[in-house]
Amino acid sequence: MKRHVLSVLVENQSGVLSRVSGLFSRRGYNIDSLSVGETEDPKVSRMTIVVRGDDHILEQIKKQLNKLIDVIKVVELDPEQSVFRELALIKVKTNMTTRASVIEIVDIFRANIVDVAADTLTVEMTGDEAKIEAFIALMDSYGIAEIVRTGLTALQRGNKAIKNLNEI
Amino acid sequence: MADCEGVIDLKASEAIIKCLLEEQVDTVFGYPGGYILNVYDALRRSKINHILVRQEQAAAHSASGYARVSGKVGVCIATSGPGATNLITGIATAYMDSIPMVIFTGQVKSSLIGRDVFQEADITGATESFTKHSYLVKNANELPRIIKDAFYIASTGRPGPVLIDLPDDIQSEEIEFKYPDTVDIRGYKPTTTGHMGQIKRAVKAIEKSSRPLIIAGGGVILAKARAELLRFVEKTGIPVVHTLMGKGALPSQNPHYVGMIGTHGFAEANMAMAKADLLIFIGARIADRAWGGVGDKIPKSVKIIHIDIDPAEIGKNVGTQIPLVGDAKYILTEMTEKIGKLDNSQWLSEIQASKKPQKSGSSDRVEPKYAVRLLSDKLNDNAVLVADVGQNQIWAARNFEDRPNRHFLTSGGLGTMGYALPASVGAKIAEPERQVVAVVGDGGFQMSIQELGTIAANNLGIKIILFNNSRLGMVRELQERRFGKTTEVFLDKNPDFIKLCSAYGIEGIRVNNNSELEKALEVAIEKEGPFLVECLVDPTESTL
Ligand SMILES: Cc1ncc(C[n+]2csc(CCOP(=O)(O)OP(=O)(O)O)c2C)c(N)n1
Ligand SMILES: [Mg+2]
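Protein sequence lines, in the order shown, are assigned to chains R and W.
So the first sequence is numbered by my numbering: it starts at 1 and just counts up by one.
So the second sequence is numbered by my numbering: it starts at 1001 and just counts up by one.
Since the hints were made in silico from the structure, they are not lab data.
Every residue gets a Cβ at the ideal spot worked out from N, C-alpha and C, and that includes glycine.
Where hints are given, some of them may not hold.
[As the list claims (entries may be wrong)] Computed, partial: chain W to chain R, Cβ under 7 Å:
(1) Glu1128
(2) Ser1129
(3) His1133
(4) Arg1186
(5) Gly1187
(6) Tyr1188
(7) Pro1311
(8) Ala1312
[Stated by the list, open to error] With a Cα cut of at most 20 Å, we get these calculated SDA-like pairs of lysine to any residue:
(9) R:Lys73 / W:Lys1204
(10) W:Lys1204 / W:Asp1343
(11) W:Lys1189 / R:Arg99
(12) R:Lys67 / W:Asp1310
(13) W:Lys1138 / R:Ile69
(14) W:Lys1189 / R:Glu11
(15) R:Lys62 / W:Lys1178
(16) W:Lys1178 / W:Ile1146
Extracted from the complex, chain R is given alone in its bound form (with noise of 0.2 Å):
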């Protein structure tokens, strides 16, 4: 199936979350990852929502999505067209012989190590989900404690905004 980015203007209001959480849950649709976050009018938060599902699935969702009284907009990003970047932090296992190869992998991914411990390092890493999965990959022979990611977010490239909001 798929993978389709949408970027969901909503009211920052309490409720929508959950009425757009619902809705996925409610209707059986793949949903991969959601992340949201006020924009740059405080009233107003923006929803990055990855969700799986042929043509015929992604039409209704993005209608159903519309029909929600709190969703001011919807659009379907184009991945030519747009930045993707998510956030991970990977606690990765460490010992005095594997440290400073481990180092050397962050350095390469151009990620940062944010805590050190003495048997772990923690790394934060910003990328696009091929890359996150990459590293990911690498860190698993090192033994991965824990990670955190927080779904993909985006953006349009270019000049381009959904807004005019009062418009659509």
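Chain W with the ligands: place on chain R using the hints.
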């Protein structure tokens, strides 16, 4: 705060009543309790008529019946916790049938929400998937805006129930009141007019087709587009079938009327669907019950025009070549104007020739199909028939004649037993001058039987036609067909319904067979007040 124009200081509960008056609400259906006391106190001092139901589910069904007959937004009100949860089935029923309603619920004090205190229930959460929208009021000053928006949302676009949850402390706060004049919800701009290019495409497709068929759904009735449909049909000569919710969209006597489709529909209507080369769905969801028995017989080559106010309905259950989002009333008017006069008489007569005379049963007891036909003949041209769920619903739907000013109400989407009695209360209160008849089964009657209390207390002249087959008849039939054996469908120990009604001060007649029926119906219709006609029906009587 008298310096701002039109702004007055008011207690929130008083403000709520003022908002209701602004929305032309004259009647609310409800049941009081501890966390809605403030609103009730304000209600007491207002000119709004409050109908005390006997269970909250009935308040929602009554509001729904009221909305469907009056064409206005139905309003109901209940306390927090159990009052609110009792409403749930009624709200879900209204949602499935797209009925405009605003529901007020009491809630525990704002500061106590989330602590599982006495009579706390997360009603906005619980009803999330079957309200069009809902509000948990956190700031009393937002009430006028919320109520204005709620009525707008409930009644525009695809109508539906909107719930407003009112914490106890919010109800008694002092607010600066001014009722907003306008609504501007940036996430809610329903399309009503319909895309002109699409309308033209649809018209062209209709002109080119040789066997077009209209499938009218509940949307035609909700859009108050019956007259527009009639005009369109008269100009184009296109035959019309309908869903259960679309019953009444076109009068049964109209030469273009074919009948109801679906699992419980008529063979000729389903056949017409299968033979058509162009299907024009108007305000129909085309869910499984409507599609049942035909869906798989429809050739892939058929062209489909789908007219609906809700874009999400288009392409949801059936694929469409020509989607037309908008208000059926507007779109039908435009199409009628744009389309040339067509001749579909051959196709129409082909369908009409396939009509078979309705089976007439030969029962020693009352034959329900005959009974509904007789009832239909005796009722006025503007009667309202409210059917419950089960065999009784289908007997009613298949045999009650639709006339231009008649109304047929039933719970089509959710299929909620117990709907008819309270919905008929709402219908009768909306239009006291019209005849209102509830057709119920012995099962469904007992799901809302407490509403005899509401009917009696308000002396509502509702006529109840009870088809007593001592069975959960429709389930009995399904079990026999699917498993060959029946279980837990026996109501042989039913109470004496005549005596039961009599305990409420409601008169009634028991009818043992067809020959006693006519007299009984005449007496029932003649009498001023409520009346029960209990028809004894053979337990093996079939639905179709
Ligand atoms: C609230 C509810 N519970 C259960 C059902 C399932 N159900 C559908 S029809 C039916 C039987 C109804 O019996 P009755 O009211 O006597 O009507 P009849 O079919 O006998 O005319 C049942 C149980 C339902 N539709 N609604
Ligand atoms: Mg029965």
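Structure-based check of all given hints:
no.	hint	verdict
1	Glu1128	5 Å, holds
2	Ser1129	5 Å, holds
3	His1133	4 Å, holds
4	Arg1186	5 Å, holds
5	Gly1187	5 Å, holds
6	Tyr1188	5 Å, holds
7	Pro1311	5 Å, holds
8	Ala1312	4 Å, holds
9	R:Lys73 / W:Lys1204	33 Å, violated
10	W:Lys1204 / W:Asp1343	14 Å, holds
11	W:Lys1189 / R:Arg99	58 Å, violated
12	R:Lys67 / W:Asp1310	8 Å, holds
13	W:Lys1138 / R:Ile69	18 Å, holds
14	W:Lys1189 / R:Glu11	15 Å, holds
15	R:Lys62 / W:Lys1178	36 Å, violated
16	W:Lys1178 / W:Ile1146	12 Å, holds
Of the hints listed earlier, those the structure fails to meet are numbers 9, 11, 15, in rising order.
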